[in-house]
Structure formats: structure tokens, C-alpha cells
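Chain by chain, the residues run as shown.
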Amino acid sequence: MVVLSTEELSGLAQELRADSLKMIATAVSGHPGGSLSAAEILATLYFKELAFRAQEPSWPGRDRFILSKGHAVPVLYAALCRAGCIEEEELSTLRSIDSRLQGHPDHVRLPWIEAATGSLGQGLSVSVGMALAERLDDENNYRTYCLMGDGEIQAGQVWEAAMSAGKFGLAKLTGIVDYNKVQLDGRVANIMDLEPLADKWQAFGWHVVDVDGNDIDSLLAAYDSARANNEKPTVIIAQTIKGKGVSFMEDTHAWHGKAPDDNELEQALLELGVGAAQDN
Amino acid sequence: MAKATRVAFGEALARLGATHENVVVLDGDLSCSTNTRKFSEQFPDRFIQLGIAEGNMVGVAAGLAMAGKVPFVSSFACFLAGRFEQIRMSVGYNNANVCLVGTHAGVGTGEDGYSQMGLEDVALMRSLPNMVVLQPADAVEAERATEFLADYVGPAYLRLTRQALPDIFDADYSFEFGKGIRLREGKDLVLVASGGVVANCLEAAELLAADGVEAGVVNIHTIKPLDEPLLREVASNSSRVMTVEDHGVIGGLGSAVVEALSEMPDVVVRRHGVLGYGESGTQVDLYARHMLDAAGIAEAARRFLVPDVEALATG
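Protein chains in written order, with our numbering: chain A, 113 to 392; chain B, 631 to 945.
Rather than coming from a laboratory, the hints here were simulated on the basis of the structure. Treat the hints with care, since some could be wrong.
Claimed, not checked - Which chain A residues face chain B? A few, computed with CB under 7 Å, are given here: (1) V220; (2) A227; (3) A228; (4) S237; (5) V238; (6) Q269; (7) E272; (8) S276.
To be verified - If you want the footprint, here are the derived chain B segments under chain A, 3+ residues with CB under 8 Å: (9) 672-679; (10) 697-709; (11) 876-883.
C-beta atoms are modelled at their ideal positions from N, C-alpha and C, and glycine is treated no differently.
So here's chain A without its partners, still in its complex pose (with noise of 0.2 Å):
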């Protein structure tokens, strides 16, 4: 694979925003901000720490990713895209009938798909066990990451997996919560406050690695700390803005789940820079 610099992952994150409403608001449905939110890490990941192979998606030696938080999956079916698994006309078919593509990660319909989610609470669950099978066997050699909704860890499974990993000391699991501070109902500190969140997992046996998610150098930097850790699952706080990079959606819970119009799409594929260049 080629590698990125950082501006070209910055410009990948904004191509991987624009395709998500795009796709959403052909749908006329989803979930623009926790997609926006974590556009840098889905960019970080899948062009640079990830590997796998684009066209062979059951490879032993790839790498595992969960999207836990799958009511986010229009980021990822944007990412699947950039990298080649899915084609981009596929995408329009985002939520209709028949599609790959459903409202939340199939993995029997679209094989990329590690694990069917979108019941929050269940995918570092899932991770642990292939974190777990990929110890078992001398030949294994991957990592297994999962990205996790703030609003999701008020889930009590969450922190069952957590202590789990914790105690078989999964080092080569990276759990990564999205922490953009909303969630549907409103602000996440109103509806169940997390922090102190870093000591939280911390108590659990993990290693914490606390950054900008909307940064790319600072998730890179994260994912080489969760590495380097021999010992303990790692869990990256990233603290990201949910619906970054278009002003009217940004750190509100009025864009959790709502499709743009027409006109509210065209602004924010003007704000982000990328619309015309996807129209050519």
C-alpha cells in the first residue's frame, strides 16, 4: 500500500464526510453525526494501520475491525470504498431493498463486515473473542480493533468485555471510543455522565491513550502507543466533534440521526471541500 502523508489522510477524512452524507442523503436516512465524527479514525485505520486485502476479504492475516457504534456504518461503507472492497455505485443503495449495504453492518450480506452490529454494547464483546482467537493459534498473526460510541459504553456489557480483556491481557486489541460527547437524546455528561472515563478503563487493565481523534497525526502516534503495549489492550479516547466539519451539524444531537436535504447537502459538501470535485 501506498503511504499517505498527512495532508492526504486529512483530505481522505473529508472525501470519507462527504461520501457519507451523500449516501445518507440519498437514502433519505442515517446518521450524519457520529459518521462525521469519526471520519479521521476511519481514514487512519483503513489507510494506513489496517491490513488487509482489498479484493480476498475472509484473508486469515487480516486485520479485525468492529465497528461497534454501527449505526455509524455509512463512514465505513465510504472507507470500504476509497480502498477498493466495494464498488462506488454501490453506495447508492445505501438502507434499500436488496442492498449489501444495510442501515447497520450485515456480515453475512457484505463479507468486510467482521461483525453485525448496531445493537450497542456488543461489538468489543465480539472483539475480545477474536482477540482471543487469534492467541490461540501459533500461525495467527493479527490485531483486532474496535470502535466504540461514547454513548454506547453506558452499556454494562461494555465494561464486562473490557474486564475480560483486561484480565487475559489482549495486547493486540485496541478498543477506540468515539468520545464526541453527544449522543440521540442530548449531551452524553446529562444523559450518564462517563468520566472520569480514562481512570474507568484504566481500573479495568487497560492502557489508555488519550487524543485528538479528529487529528491525524495524533491517532497515528496512538495506534503506534497501543502497539508498542505488550501487555494490555489499549483504548484510545479519542476526542472527536460529532459532526465535524460542517458547521450546522457540529456537537448538536439534531444531526444523531436525521437525513440533509438537498440543500443542506449541497452546503456541506461546500464546507467541506470536496463536493464539486465528487460531482466531476
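Keeping the supplied structure of chain A fixed, place chain B upon it in accordance with the hints.
Relative to the frame of chain A, chain B by itself:
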């Protein structure tokens, strides 16, 4: 020799560990009760202890399965059923090759009372489109079912008893997935049973025979997929079917049989099982209370057949 199906499962699993390197076993602080302890001692590297956190355990199993392992997840039936959300999403929807093993089926659990009794598990598990549901009737059948599941690919549920069950089958018994077994023929009614009550049905059929009632007995070890051709055949022969199970009467074997025979206009099906919530008591007392012992099953059958019994008496 009388043996609980959970014990037979644990022995079979420990044997399978040697021949099936991909088998891993997950337990949540119940390995002494579910009988996965033996496997854990022989194959400690492939035994994963996850503590009292069954939701996570189910998800971990799904992850292991999707990475090529063959996980057996054991807990009490009620605790697995309680994690239905994880089972539907992480196991079922992913079509993950996970074998869920629920022990302590029904009121046969005994003294511990309702909180430990699996009484809704079959209803929940069979509601998932790709989940197969097995319930052996004795130790030999439990061993064979366990062996079958080690090679079966797809989501599966195995339901086992806490209490010891009398032997029904010989050591050379061969398990045929999806096939009901006619254990006894009878023209007046057929008892369609599964699990720990099958032996009691055979005994009940003897009691009924003493009254002049000829009762057939069918063992359904595979509740899903159900052997519908066999059920239609026995139903057309006797037209009276009584299902018998140590499970709530809503959604279990009885419901499955009713669904299968719903388009046979001349067949009447009675569902005999547990009504209401369970309670504490010895297994023997509880089977008497819920009419799941031989005398209770025979009495339930007589009540079902009242018009026919009266006809016999006057005819």
C-alpha cells in the same frame, strides 16, 4: 445407568477435546454445575472462564466462532435465555458457529426454584431463524448430540437436565439430526415428548395400557428443525396428540408441534407442560405437582381423552 444429560455432555465434550482441536469451551462460573469442568482440566488452554457475565460470554463466543473456533458456551438455560439480545445479534444474525448449552432445564432443576429454571429458553431459541434446538432424552442421546454439534456448522442450542434420567437407548444408538423417534406405537393417542420427560411418557403409556388406552410415544430430540413428516404421520394415525415437556407451555415443543400440525383439520393437539412460574421443591415433588411424572402424564392424557375413555367404558 441413570445419569443427567449434563453429565453425559461433560464427558462427551472432554472426549471431543482430543479429536477436535478447534473446540473451545466457555463458561461463566458454573463449570462444576454444567460439567465443563472435565474439559477445563484436560484442555486448560482451550477453556475460557468469563465469570458471571453471560452477555459478554455470548459475544466472545461469536468472535471466536467468526475467527474459526468451535465454541461451546455453557451456562444454565435461563441465564442463556436471559442474554437473548446478545444471542440474536452476535450469534444468530452473524450466523456464527456457536453451540449454546443450557443446563438445568425446567422444573426438574428442583430446590433452587424459579430463578434457576429454564422455562422460556426453547421458545426464545427456536424463534431465531437459523438456530437449531436439540434436547436429548437420556445420557446416550446427550453424548451423541454433543458429538453431532461438534461437527455441525451454525448456531445451535443444546438443552440439558440437572436431574439424572433413566436410560432409554443402547450404547450403539445413532443420532439422526432432525428425525423424531417412534418409541412406542398406539392408536388412541400419541405422546410427543422431548428431554427429561420422555422416559416418564414411556411409563405413562404402560399405565394407560392398563386402562385399555393405546398410547404411542415419539421422542423429539431435535425440536428445530422439527420432524414434520413423522408428526403428520403419527397424527393421522391417532388424531390425538399430546405434547409433553418440562418447559413453559408457551412457545416450546408444544407450540412447535401445533404449528406443524395446524393445517390438519382432524387432529387435536394438547400441550402439556409447565403452567406459570416454577417453584422450589424436590424434582420428584415438582414433577408430581406439574403432572410431569408418569402418573401425572397418564392422568393428563386421560383427561384429554375423556370422551374416548367414556366411550370405551360404555361401549
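Here is how each hint holds up against the structure:
The criterion of a C-beta within 7 Å of any C-beta in chain B is met by V220(A), whose closest approach is roughly 5 Å, and the hint holds. The criterion of a C-beta within 7 Å of any C-beta in chain B is met by A227(A), whose closest approach is roughly 6 Å, and the hint holds. Taken as an interface hint, A228(A) checks out: its beta carbon lies about 5 Å from the nearest beta carbon of chain B, inside 7 Å. At a threshold of 7 Å, the smallest CB-CB gap from S237(A) to chain B is about 3 Å, leaving the interface hint in force.
For V238(A), the interface hint holds, since its Cβ comes within 7 Å of a Cβ in chain B; the closest pair sits about 4 Å apart. Annotation: interface hint on Q269(A) holds; nearest CB of chain B at approximately 5 Å, less than 7 Å. A cut of 7 Å between beta carbons decides the hint on E272(A): the least distance to chain B is about 4 Å, and the hint holds. The criterion of a C-beta within 7 Å of any C-beta in chain B is met by S276(A), whose closest approach is roughly 6 Å, and the hint holds.
For the stretch 672-679 of chain B, the stated coverage by chain A is satisfied: 3 residues place a CB nearer than 8 Å to a CB of that chain, which reaches the threshold of 3. Under a criterion of three residues with beta carbons nearer than 8 Å to beta carbons of chain A, the stated coverage of the stretch 697-709 of chain B is upheld, 4 such residues being counted. Here's how the stretch 876-883 of chain B fares: 0 of its residues keep a CB closer than 8 Å to some CB of chain A, so the rule of at least three is not met and the hint is violated.
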